[in-house]
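Visitor: Let the sequences and hints guide you as you build the complete structure.
As a plain string of letters, each chain reads:
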Amino acid sequence: MNILVCIKRVPDIAGSVTLDDTGAGIDEAGLGHTMSSHEECAVELAIGTAAATGGTVTVLTVGPAEAVEQLRAAVAVGANDGILIETADPAAFGPEDIAQVIGDVVRDRAESGQTFDLVLLGDDAADTGDFQVGIRLAYDLGYPVLSNIQTLSPTDSGGIEARGIGPAGTEIFTVDLPAVIAVHEGGVDPRYPSITGRMKAKRAPIAEYDAPEPSAGNPRIRLELPEVKQSSVTVLGEGPEAAPALVDVLEEIGVIRP
Amino acid sequence: MASIPAQASVVVVGAGIVGNSLVHHLAELGWTDIVQVDKGPLPNPGGSTGHASNFIFPVDHSREITDLTLDSMRQYKELGVFTESGGFEVARTEERMQELRRRMASARAWGIESELVTPAEVAEKVPFLDPEVIVGAFWTPTVGVVDSVRAGTMMRESAESKGALTVSPNTEVTGIDVEDGRIVRVHTTKGEIATERILVACGVWSPRIAAMAGASIPLSPAVHQMISVGPVPQLAERPGEISFPIVRDMDTFCYERQHGSDMEIGSYAHRPILHEPDDIPSNESAKLSPTEMPFTDEDFDPQLEQAVELMPEVLSNPEVEIRYAINGLLSLTPDGPAVLGESPEVKGLWSAAAVWIKEGPGVGRAVAEWMTHGLPEIDVQAADIARFHSHQRTRTHVQARTSEGFNKTYGIVHPAEQWNSDRNIRLSPMHEREKELSAVFFEAGGWERPQWYESNAGLLEEFGEAVMDRSAEWDSRWWSPIINAEHLALRKRAGLVDLSSFVIFDVFGPAALDAVQRIALAQMDVTIGRVVYTPILDEGGGFRSDLTIMRLAHDRFRVVTGAAHGMVDLKWFADRLPETGAQIADLTSSWTTIGLWGPRARDILAAVTDADVSHEGFRFGTCRTIEIDSLEVLASRISYVGDLGWELYVPMESGLKLWDLLFDAGREHGLVPVGLGVYGTTGRIEKGYRAFGAELDSERSVVEVGMSRPKVKPQDFIGRDAHLRHREAEPKTVLCSLTVDDHTSSSGEKRFMLGGEPIVSANGEPLVDGHGRGAYVTSAGSAPSLGKHVLMAFLPPAEAVLGNRLQVVYMEEFYPVTVASVDSTSLFDPENERIRS
Numbered sequence: 001m002n003i004l005v006c007i008k009r010v011p012d013i014a015g016s017v018t019l020d021d022t023g024a025g026i027d028e029a030g031l032g033h034t035m036s037s038h039e040e041c042a043v044e045l046a047i048g049t050a051a052a053t054g055g056t057v058t059v060l061t062v063g064p065a066e067a068v069e070q071l072r073a074a075v076a077v078g079a080n081d082g083i084l085i086e087t088a089d090p091a092a093f094g095p096e097d098i099a100q101v102i103g104d105v106v107r108d109r110a111e112s113g114q115t116f117d118l119v120l121l122g123d124d125a126a127d128t129g130d131f132q133v134g135i136r137l138a139y140d141l142g143y144p145v146l147s148n149i150q151t152l153s154p155t156d157s158g159g160i161e162a163r164g165i166g167p168a169g170t171e172i173f174t175v176d177l178p179a180v181i182a183v184h185e186g187g188v189d190p191r192y193p194s195i196t197g198r199m200k201a202k203r204a205p206i207a208e209y210d211a212p213e214p215s216a217g218n219p220r221i222r223l224e225l226p227e228v229k230q231s232s233v234t235v236l237g238e239g240p241e242a243a244p245a246l247v248d249v250l251e252e253i254g255v256i257r258p
Numbered sequence: 001m002a003s004i005p006a007q008a009s010v011v012v013v014g015a016g017i018v019g020n021s022l023v024h025h026l027a028e029l030g031w032t033d034i035v036q037v038d039k040g041p042l043p044n045p046g047g048s049t050g051h052a053s054n055f056i057f058p059v060d061h062s063r064e065i066t067d068l069t070l071d072s073m074r075q076y077k078e079l080g081v082f083t084e085s086g087g088f089e090v091a092r093t094e095e096r097m098q099e100l101r102r103r104m105a106s107a108r109a110w111g112i113e114s115e116l117v118t119p120a121e122v123a124e125k126v127p128f129l130d131p132e133v134i135v136g137a138f139w140t141p142t143v144g145v146v147d148s149v150r151a152g153t154m155m156r157e158s159a160e161s162k163g164a165l166t167v168s169p170n171t172e173v174t175g176i177d178v179e180d181g182r183i184v185r186v187h188t189t190k191g192e193i194a195t196e197r198i199l200v201a202c203g204v205w206s207p208r209i210a211a212m213a214g215a216s217i218p219l220s221p222a223v224h225q226m227i228s229v230g231p232v233p234q235l236a237e238r239p240g241e242i243s244f245p246i247v248r249d250m251d252t253f254c255y256e257r258q259h260g261s262d263m264e265i266g267s268y269a270h271r272p273i274l275h276e277p278d279d280i281p282s283n284e285s286a287k288l289s290p291t292e293m294p295f296t297d298e299d300f301d302p303q304l305e306q307a308v309e310l311m312p313e314v315l316s317n318p319e320v321e322i323r324y325a326i327n328g329l330l331s332l333t334p335d336g337p338a339v340l341g342e343s344p345e346v347k348g349l350w351s352a353a354a355v356w357i358k359e360g361p362g363v364g365r366a367v368a369e370w371m372t373h374g375l376p377e378i379d380v381q382a383a384d385i386a387r388f389h390s391h392q393r394t395r396t397h398v399q400a401r402t403s404e405g406f407n408k409t410y411g412i413v414h415p416a417e418q419w420n421s422d423r424n425i426r427l428s429p430m431h432e433r434e435k436e437l438s439a440v441f442f443e444a445g446g447w448e449r450p451q452w453y454e455s456n457a458g459l460l461e462e463f464g465e466a467v468m469d470r471s472a473e474w475d476s477r478w479w480s481p482i483i484n485a486e487h488l489a490l491r492k493r494a495g496l497v498d499l500s501s502f503v504i505f506d507v508f509g510p511a512a513l514d515a516v517q518r519i520a521l522a523q524m525d526v527t528i529g530r531v532v533y534t535p536i537l538d539e540g541g542g543f544r545s546d547l548t549i550m551r552l553a554h555d556r557f558r559v560v561t562g563a564a565h566g567m568v569d570l571k572w573f574a575d576r577l578p579e580t581g582a583q584i585a586d587l588t589s590s591w592t593t594i595g596l597w598g599p600r601a602r603d604i605l606a607a608v609t610d611a612d613v614s615h616e617g618f619r620f621g622t623c624r625t626i627e628i629d630s631l632e633v634l635a636s637r638i639s640y641v642g643d644l645g646w647e648l649y650v651p652m653e654s655g656l657k658l659w660d661l662l663f664d665a666g667r668e669h670g671l672v673p674v675g676l677g678v679y680g681t682t683g684r685i686e687k688g689y690r691a692f693g694a695e696l697d698s699e700r701s702v703v704e705v706g707m708s709r710p711k712v713k714p715q716d717f718i719g720r721d722a723h724l725r726h727r728e729a730e731p732k733t734v735l736c737s738l739t740v741d742d743h744t745s746s747s748g749e750k751r752f753m754l755g756g757e758p759i760v761s762a763n764g765e766p767l768v769d770g771h772g773r774g775a776y777v778t779s780a781g782s783a784p785s786l787g788k789h790v791l792m793a794f795l796p797p798a799e800a801v802l803g804n805r806l807q808v809v810y811m812e813e814f815y816p817v818t819v820a821s822v823d824s825t826s827l828f829d830p831e832n833e834r835i836r837s
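In order, the protein sequence lines correspond to chains A and B. Anchor point for the first sequence: position 8 equals 8 in my numbering, and the numbering is continuous, going up by one each time. Anchor point for the second sequence: position 347 equals 347 in my numbering, and the numbering is continuous, going up by one each time.
Simulated from the structure, these hints should not be mistaken for lab results. Using N, Cα and C, we set each Cβ at its ideal position, and we do this for glycine too. Don't take every hint at face value.
Unchecked claim - Computed footprint of chain B on chain A; a stretch qualifies when at least three of its residues, placed anywhere within it, have a C-beta under 8 Å from a C-beta of chain B: (1) 6 to 15; (2) 29 to 35; (3) 194 to 204.
Guide: See the structure below:
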């Protein structure tokens, strides 16, 4: 089974976030970059599924030249090759534009004899959270689509059984291929790269194309920072002497009754 | 929210290994009302200590660093946070093996057990290392790892338990108030603290804090990349944090260090990656910690392959994953050593910055002692914050030199190696002439100084074998036989030396005599026009400096000292002036100095002046202004090369004219330009002249270096009591000059020691003096007039016997030496007839 995984280069944030001068992006000074955690899980699922079926994994991204780092990171953990659709201004691409670009790659590759049986994405990107590309891509390709998926297993009939957490509990789908599946983190532990994997990634083939002009007309306008929740820590004390203060707090928040 | 004390005896900024060690030692020394702040949380506030690899190799070429490391290891052991693992420095090349032989010399000199071992012996202890990749290794069994965060916590708590310390984490310093040049107040996010002292021990952020007081701590945050890979089955089999020796793969500038079931691989091989202190992320916005910056894969990729070569079995295992990877920040200074002591810019601003884990507790103790009574037991003068000349504090200089220095961390650095970056900062007025003479420039304090002149190559023929040429590449790197030829030409005829790099300052005012009298060991109440060479002692009777002082008037004294240490001397004097009546003026950039020495010096000087320069008319040890052409020149008849002659001082802008006048007049007398190779080494070593930082330091007394005078002046001076005690006691060590009797190595090549080598007995036993110090070469150099290579070394008194046959160990071979002087008697011209002719 040949699998295409679509990933996005995002700032690797942990604590407070500041916006850049345009208001449409994150101030990336001092920040590293990574792929979204849903996508890390998608890569992990792709590697496992490809290994089980004797297939290959190709990773694709639309992003700046530096996004090759994220492609190589995916190769370092087991993907075979990468496709970089390069643009200096990724923020100009709305979800529909991205879906269009990916769809074109899938069609072009099919014409040249490389078919992808399965296209994996993350549910949404860590920085923009649009939650749209998967379904728009499926629509564009005319494929069935699943979202919120956490684990995959190939079926005997050549399809995929996919599981995810739905509102009522575990949802189990069986889908024929080709298909688009949007992954939600939590079903698998993404592996770390090995040294040899990293060395292989350095030499892995990355096909590079220039991105077309975005045409769908729904780019990001601006970002807004949510109100920062103030958190403070009060040390109640140390050892047995702290017990009465702890009891007071537990009573105050209603965990125990006086 | 806890408030902060309104007053403190000292505010310590930083709760890493250095700050924590400092509060501990200050409390031990009796300090109370200490306040320690850190902008991060405890126990790991997010600085460099928190991500350090925490291993310690005790052997360093620097005695000062080794002393601090050994003291730190002792402290870590006392705290119970030291685990001995042993460590290898492995060599992949023959060039590195030579460096490891030098390492052995340092180990022997500092008395640390080490040995050179074969690849098979390495593989025996580290079975997953491929012995085929290496040619040998340097093994130190006492290498180990520490828990620096735990150690810091224990030290901090010890100060707290004494009631001496208030700790305030999550507290950022926002401003520092300075009044009349002194610290008066520190502003923090939790309130103001009135204090006279702030101790900056916050590593990479230190420049930012110092800048709040208008001062500088010259360092740059720099990236050291590290990854941690695991789980490694071979490591997981054994219990505990570390059970295999640490391996420094010296030629790839990397190390491999076990950490439980993981292997840490650190690199000093990547491009220098500097950051600005202000650009380091806050604790809130950092993904890991502020000093664990995002890893840049492409910088580390080349090291991965080299690491796999060395430990293929472990590192090419696909199950072994890269679980942690950082661009860790550490602090680098423009010249290498740490930045310790009170700032010369603001009173009460103390620095303890750019310190590694292996020196942290030792530095904490030394700086605490320094703050308390001014006398750190371990001499840390090489790290004194006062050492920097103004240009060395600039961002451009700091960035240039830290960039250049980063890859030297595991590099093979020749003792005379010069910096390439940020040169030509201070040029003497004669610089263009010197370039025309094809001078080879070495740098000191930013000054470009001719080390020798290629234009003197013709002298090689004149002096033939006497120039003592060296065939071994290492011995002759940063060296030329022309130095020795210039020396011989000076001794035979005359030499002209550009001494513009002298640090010169005047002490003047009605209390000037009292001031210098109190600072100098020698009698300063001398007639006007006397030049006095004097040791400068600390309260313990150890050397703070040695320099010359000219009495120019009843109320004016001119101090002349060297470029390397002169800025420290300036602060030493400035700090010890009386409250009123004496001032100090730095005239370094006002005066240039030209040295004229040699048997023809008088003839040459007489040719350009009508002044009486006869022996009777211009006695040794005197100075006065003479007219040379249209210049007024302050001539001082002294010599650091041991020959007849003068130091000639003129305003900087007239230096070129004086140089040209002397040069022209000297032509018929065979005058040659002479570089600092003669002035700094050959000239002084055959005269037995001591150099500060080599022979002279705070540990050895005036008596032990053979410089005590018949009488001690009756006036009080700093260090007098201690000096009197030293004179009564038997010396614990004796500074000697030794000659090398045979230079022939096992390969038949003649080898020449460069300094730092151990001296051992005739049967190879170590020699240890009464201070517990092993004997080692403090200075080495050609003595061309004697046809000998001369070494200076402190020997145990019983060994300090003329004619005593000992050995020097160079590159792990033994060469016979003979003790040739056991006091300051010169090997060349012992009666000083030349100087006094």
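Visitor: Take the hints in turn and mark each one as holding or not.
Guide: So, going through the hints one by one against the coordinates:
1. 6 to 15: holds (count 4)
2. 29 to 35: holds (count 5)
3. 194 to 204: holds (count 7)
Of the hints listed earlier, there is not a single one the structure fails to meet.
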